[in-house]
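The listed protein sequences derive, respectively, from chains A and B.
Counted from 1, the first sequence has number 88 at position 107 by the numbering used here; the numbering is strictly sequential.
Counted from 1, the second sequence has number 845 at position 88 by the numbering used here; the numbering is strictly sequential.
To be clear, the hints were calculated from the coordinates, so they are not data collected in a lab.
Virtual Cβ for every residue (Gly too), placed ideally from N, Cα, C.
Accuracy of the hints is not assured; some may be wrong.
[Stated by the list, open to error] In silico contact screen, one side only, chain B against chain A (beta carbon under 10 Å); selected entries:
#1 Leu1107
#2 Pro1113
#3 Gly1127
#4 Gln1128
#5 Glu1130
#6 Arg1132
#7 Ile1137
[As the list claims (entries may be wrong)] Here are the simulated lysine-lysine pairs, DSSO-like style, with alpha carbons at most 30 Å apart:
#8 Lys232(A) <-> Lys1019(B)
#9 Lys906(B) <-> Lys937(B)
#10 Lys1019(B) <-> Lys50(A)
#11 Lys1019(B) <-> Lys1110(B)
[Unchecked claim] Cβ pair distances, simulated, as ranges:
#12 Glu920(B) <-> Lys177(A): 53 to 63 Å
#13 Ser136(A) <-> Val915(B): 55 to 65 Å
#14 Pro947(B) <-> Arg6(A): 37 to 47 Å
#15 Pro947(B) <-> Cys138(A): 40 to 50 Å
#16 Asp829(B) <-> Ser148(A): 30 to 40 Å
#17 Glu827(B) <-> Cys138(A): 17 to 27 Å
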Amino acid sequence: MLGLGIDSGSTVTKGALFDGEKVVRRLMIPTKSNPKKSIRLVYDSLISDDVGFAVSTGYGRALLEKAGKQVTEITCHAKGASFLCPEARTVIDIGGQDCKAIKLDQMGSVSDFIMNDKCAAGTGRFVEIMLKALELESGDLDDAVLNASPVSITSMCAVFAESEMISLLASGEREQDIAAGIVHSICRRTAVFASKLNPEGPVFFSGGLAGYNCFRSFLEKYVGLKTVVHEDSQFAGAIGASIIAYSCLMKG
Amino acid sequence: MKIITDLPSVFEEFAEARKNSFLSVKRIKDEGKPVIGVYCGYFPMEIAMAAGAVVVGICSMSDETVGDAEKDLPRNLCPLIKSSYGFAKTDKCPFFYFSDLVVGETTCDGKKKMYEHLGGIKPVYVMQLPNSQDDSGYALWKSELFRFKDYIENMFGVRVSDENLKKQISLKNRERQALKRLSYLMALDPAPISGENLFNLLYGSTFKFDKEAVISEIEAVIEKIMRDYESGINVGKKPRIIITGCPIGGATLKVLRAVESKGGCVVAFENCSGMKNIDNMTDESDPDMYGALAKRYLDIGCSCMSPNPNRYELLGRMIDEFHADGVIDMTLVACHTYNVEAFGIKRFCLEEKHVPYMHMETDYSQSDIGQLETRAAAFIEML
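One chain only, chain B, in its complex shape:
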């Protein structure tokens, strides 16, 4: 395989990865491989990969289908849940269409109740995610991993061998490490690339199904970015912003664009599509592989956990390591857990980390772009 190393083309190619993967998913399907559609970072990828399945993130980040969803669901529900349901209902998401199985987790109340309705459209398997990271939580999550393994073994008529699982754990760790190394290039000041390009690389990589190839491509990109950086190419000295909060992508890229169009640089994402998803590794030295996977996944610092110390720990570390000048907490309207947690994150940023903080609540419509731009510009002027 030839690796493209011309950076603008690489950025473009990763930005288009989601769209381009419609066809690769169809091809995979035609080869007889099972496809599992997922919504969330808590999904244990390694088990599905060890069963020979291909995992793809289902559409949930556009307001295109919110109107259709609102015929069945309340209006004052988080747009991500409405969008997910709307795409499924209208059959507008090719990934949903090609999925043999859709897997959800009991993360927040809105999602778990929505999955009950989604089950009427497609086979939906719901994993019971505990909401606390203690011994009983890890034990429950580990038993849920076994239950899921048994379920897909039966459904697809395959066996998830320990040997193969071990390989997949190592492969996923290597992929996370590569993406993490890429993300940490942004710790350089001035940053080597824009936050939008970083986002496209991170998000696009989840729509490339040959993980070995992803690792090689990302490593080549890292090398190229560093060569350019050493020859003096960078985004220039700009206020450095970390975005935290709800999943970002699709319609909510308006927040990232508002920051960067007003003179800031988004140096890191704490959100699911960013560091949350790649920061911690599965312990490969642990002979109890399911236990190690349970720990790795359950430790993700999502606001559906209570309490949620790992989000503060990760965000605090990122503020230091990325030399952040400000933190923007992007939350979705009616996402109760992130909106309530915002008060704690604000105090943490201002009182413990002494870094300016701004909360931006938004939805998937484009009607608030003017306001978001004004707020982003005022925040940057304040830094």
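Isolated chain A (complex conformation):
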């Protein structure tokens, strides 16, 4: 039997199937403007007679009537992170529209957490706006910032930062230097945010931005603790949900 977990994020909807030992399938689609449709699509793609229980998480978690249980993204990310990286003591997740830091105890359970406020500063949305303003492809970001000399970006508001980027471009700054400046400012801000929890290492970095090497390495630099990612980092919430679904199944 399998446990199904679906993480309905603001930008991407992720699904995972867990068989009690490993993740046997994963799926990811853009959430777009209809989270209900997206969560349903992921559910329909992954559901089968082998699936005994489904758990939904993420900001759209209430939109799936067929979920046996809704669990918050905090608990699911912690669960997923401990599965992907059992030695992790802190999770930093930067999602499409929010940012969270979770402290884990020796058992991998949540011992404390913080979430950012209702603002896109320093989140995936912020990066999207940057890529658009600088006409960069997301796949090119790592290469672009590799040898760049970061310019200082003062605005943390996604809206103000966009106009700051445009002024910097107008004053002749190079795109890659501005991009590096933004990446640094997001990582610095995230480190300050996470410092409220007195984080311990290693830090597991999850969410969409974990796919960029530049974010991982600058975050590690500012947090000052070993920061690791996993190829399934972006699925951490869905994997956590599928593990919880599997344990619900086992409990009957």
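Add chain B to chain A, keeping to what the hints say.
Structure of chain B alone, referenced to chain A:
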């Protein structure tokens, strides 16, 4: 007077008490009794009652008037102050409208500066509240109580006799004791009623002006809750949460509802509308009545005091007595004193009391409900 004892109707009636009291305030006013509008738990109720005045809490907990207030006041000011000023300015609060006098205290910087502007709308009397609970603080507060007594005696042409003051002190103590007994029913595990019903009883009672009747009603409610409890009625086994921090009520009930809709039970409120307001009594054996009142009021553990040991003492006691599984510190955006104190409260909860703690900063808008619910649910999952 017939006392209603059917609990759902009682809860409903207390929840509606504020709205229903619009008419009773008008009636009181028509009878020629003075009405004093107040904002804060530091206001010495007994002196006003001994002057024959009726005291009512003025509207300050909805975002309805925040926009109007922001025409005159900065946006990055605490919503309670903006709301209070906005209600006064737009004349949308019936209690403000009926008040002969509005009394404020120099609690936090935002409030005391706002009262300066409020004075242009209505007669406002400001009591100089000291910010430390030491001998000079008690002496100053006692002299402020005398100054206030003289002021209302002149304003309303009445005399505050010692004999009447003594009666009012005893009456208010009995009311606090009744509300405290009610609150402590929640020490039972599982809790007998929801936190929202408890809140409505506590808050609603402040809008009932016949204090003897309030005491009888609360005692009848206590008896009924206990009878039901003994026959097996309760809210079920749930994680037990204490809410501390800024005043809660009106728009910020969203925090209480987020906790209870996600499977928790709010067993106690340390806030002004809760235990802070009813925990300590005035010493009736003290022949120096003004001194005893000064001590009782100044000892309230609000974050405008520095240092503020009484909040830690009360919260610590409540964590033990209510068997709390977690503490949620609800603060308002731009409330500097509570937001700064949050760090101390967090350490106190985690390191001294070993109880999980979460800080929730919010305002009077409803835009963060989704986030508050997620945070409340995650906190409850963590317990």
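Of the hints stated earlier, which fail here?
The structure breaks none of the hints.
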